[in-house]
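Asker: Below are the chains, spelled out letter by letter.
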Amino acid sequence: MRELSLNVLDIAQNSISAGASLITISLSENTRENRLIIEIADNGRGMDERQLSRVTDPFYTTRTTRDVGMGVPLFKMAAEMTGGTFEIDSVPNEGTRLKAVFLPRHVDCMPVGDMCSTVVMLISMNTQLDFIYTEAVGSESFTLDTRELKQTLDGVPLNDPEVVGWLTEYFTQQTKKIHGGAVNEDD
Amino acid sequence: MKTIEELKAIRDKARERLSVREQDDGDKIRVVVGMATCGIAAGARPVLAELVEEVGRRGLGNVSVSQTGCIGLCQYEPIVEVTEPGKEKVTYVKMNPEKALKVVTEHLVNGRPVQEYTIGAYTK
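Protein chains in written order, with the numbering used here: chain A, 1 to 187; chain B, 188 to 311.
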C-alpha cells in the first residue's frame, strides 16, 4: 500500500464482509502534536476473542480462496513503523472498532493520499449501506453522512453518475476548506 | 461551492432520466473489479474509478459496475471480469486506468473483447 487511504478502503471492505449496515470512518490530524489518527468502526458481526487475537497475524484468514490475510497486519505495520500505535476491539454481534495512530513527521509515515476516492467509492459501490466520514484538522471538521444524503436524494441512488460527480466535488471542497485552502465560491 | 440545494436539482433531473431507462438487471453486462487487499495494493481503486466514470460519461445504462473480494489470482491483480448475458466471462488481468478505458470503448461499447489484456494472452 502506498497511501493510508488505500488501507482505509481495504479495512472498510472487512466491515462490509462482516455484514455491517453502518460504517464510521474518521481521520483527525493534529499537526502541532504530530498526530494523525484514523478510526474505523462498524456494526457488523464482530469477532470472538480467538479470532481477534489472530487478526493481526498475516497467516490467518477466514477466507478460503487463499491462505493469507494481509489487510489488518499491513495497516498495523503502517502505524507502528511511524512510532504510532494500533488497537482493535470487537464484540460478537455488535461490531468492530479499530484505531491507528500515526506520527506524520516520521520519515516512514505514508501520505494519506486520495481519501476522496476511497470514500466516494465506498459510498457509490455500497448504496445499501450507510457511511459516516469525518475529517478533522485542528478545530476544523467536516462530516459526510449518507443517511442525510439519502434523505435529500429521496430514492435517487447514490451511484447515479451525476450524484457521484457532486459527491466528489463536495468532498474535495469541504476537505480543502478545513485544511485552510482557498475555495472558489463560484465553483 | 457545491451545496445540498444543487444535490436536490441533480435528484430531480435524475428522476426523469431514471424513469426513461429502467432496465432489468438480468440483461445487463456485468463488470466486476477485485477489491480485496491484493487488488487494492496492486492499483484496483483507480481502475474501478475509471470504469465507473467512463460508463457514467457514456451513459451506458446496460452496464453495471461492481466490486468483489479476492478472485484467488492475486499475482494478476488488478483483475476485471466482464460477463455479457449468454456469453462466457472475459477475465482481464494486470489492469490500469488506460486499459480500463479501452475495455469500455472496445468491449462494452463495440462488443469486441480486448484479447491482449485477457488472462489467456497474459499467461501464454
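Honestly, I wouldn't trust all of these hints.
[To be verified] Beyond 12 Å from chain B on every Cβ pair, some chain A residues (computed): (1) 2; (2) 7; (3) 13; (4) 26; (5) 30; (6) 81; (7) 168; (8) 173; (9) 177; (10) 180.
[To be verified] Pairwise CB distance ranges (calculated): (11) 204/B with 33/A: 45 to 51 Å; (12) 303/B with 93/A: 47 to 53 Å; (13) 246/B with 139/A: 24 to 30 Å; (14) 281/B with 169/A: 55 to 61 Å; (15) 251/B with 155/A: 16 to 22 Å; (16) 62/A with 308/B: 41 to 47 Å; (17) 303/B with 169/A: 31 to 37 Å; (18) 188/B with 150/A: 44 to 50 Å; (19) 155/A with 296/B: 47 to 53 Å; (20) 188/B with 139/A: 33 to 39 Å.
If you're looking for bench data, these hints aren't it; they were derived computationally from the structure. Heads up, the beta-carbon is just placed ideally off N, CA and C, and yes, glycines get one too.
Asker: Could you run down the list of hints and mark each one as holding or not?
Answerer: Consistency of the hints with the structure:
For residue 2/A, the requirement that its beta carbon stay farther than 12 Å from each beta carbon of chain B is not met, with the minimum near 8 Å. Consistency note on residue 7/A: stated as away from chain B, yet its beta-carbon is not over 12 Å from all of that chain's, at 8 Å minimum. Not every beta carbon of chain B lies more than 12 Å from that of residue 13/A, the smallest distance being close to 6 Å; the non-interface claim is violated. Chain B leaves residue 26/A outside its interface by the beta-carbon criterion, the shortest separation being 20 Å against a cut-off of 12 Å.
The Cβ of residue 30/A sits about 27 Å from the closest Cβ of chain B, beyond the 12 Å cut-off, so the non-interface label holds. The Cβ of residue 81/A lies farther than 12 Å from every Cβ of chain B, with a closest approach of about 16 Å, so its non-interface assignment holds. Look at residue 168/A: its CB is around 9 Å from the nearest CB on chain B, not clear of 12 Å, so calling it non-interface is violated. The claim that residue 173/A is not at the interface with chain B is violated, since a C-beta of that chain comes within 12 Å of its own (minimum 6 Å).
In this structure residue 177/A is not separated from chain B by more than 12 Å, as the shortest Cβ-Cβ distance comes to only about 9 Å. Remark: the non-interface label on residue 180/A is consistent with the geometry, its nearest Cβ contact in chain B lying 16 Å away (cut-off 12 Å). Between residue 204/B and residue 33/A the beta carbons are some 48 Å apart, a value that agrees with the proposed interval 45 to 51 Å. Our hint of 47 to 53 Å for residue 303/B and residue 93/A holds, since their Cβ atoms are close to 48 Å apart.
In this structure the hint that residue 246/B and residue 139/A lie 24 to 30 Å apart at CB is violated, the actual value being about 43 Å. The beta-carbon spacing between residue 281/B and residue 169/A, approximately 31 Å, falls outside the hinted interval of 55 to 61 Å. For residue 251/B and residue 155/A, the hinted distance range of 16 to 22 Å is satisfied, since their beta carbons lie about 18 Å from each other. The supplied range of 41 to 47 Å is broken by residue 62/A and residue 308/B, whose beta-carbon atoms lie about 34 Å from each other.
For the hinted restraint 31 to 37 Å between residue 303/B and residue 169/A, the CB-CB distance of approximately 35 Å keeps it satisfied. Checking the proposed 44 to 50 Å range against residue 188/B and residue 150/A shows it is violated: the Cβ atoms sit about 22 Å from each other. Between residue 155/A and residue 296/B, the C-beta spacing of about 29 Å breaks the proposed range 47 to 53 Å. Distance hint for residue 188/B and residue 139/A: a CB-CB separation of about 21 Å, inconsistent with the stated range 33 to 39 Å.
Against the hints set out earlier in the document, violations occur for numbers 1, 2, 3, 7, 8, 9, 13, 14, 16, 18, 19 and 20.
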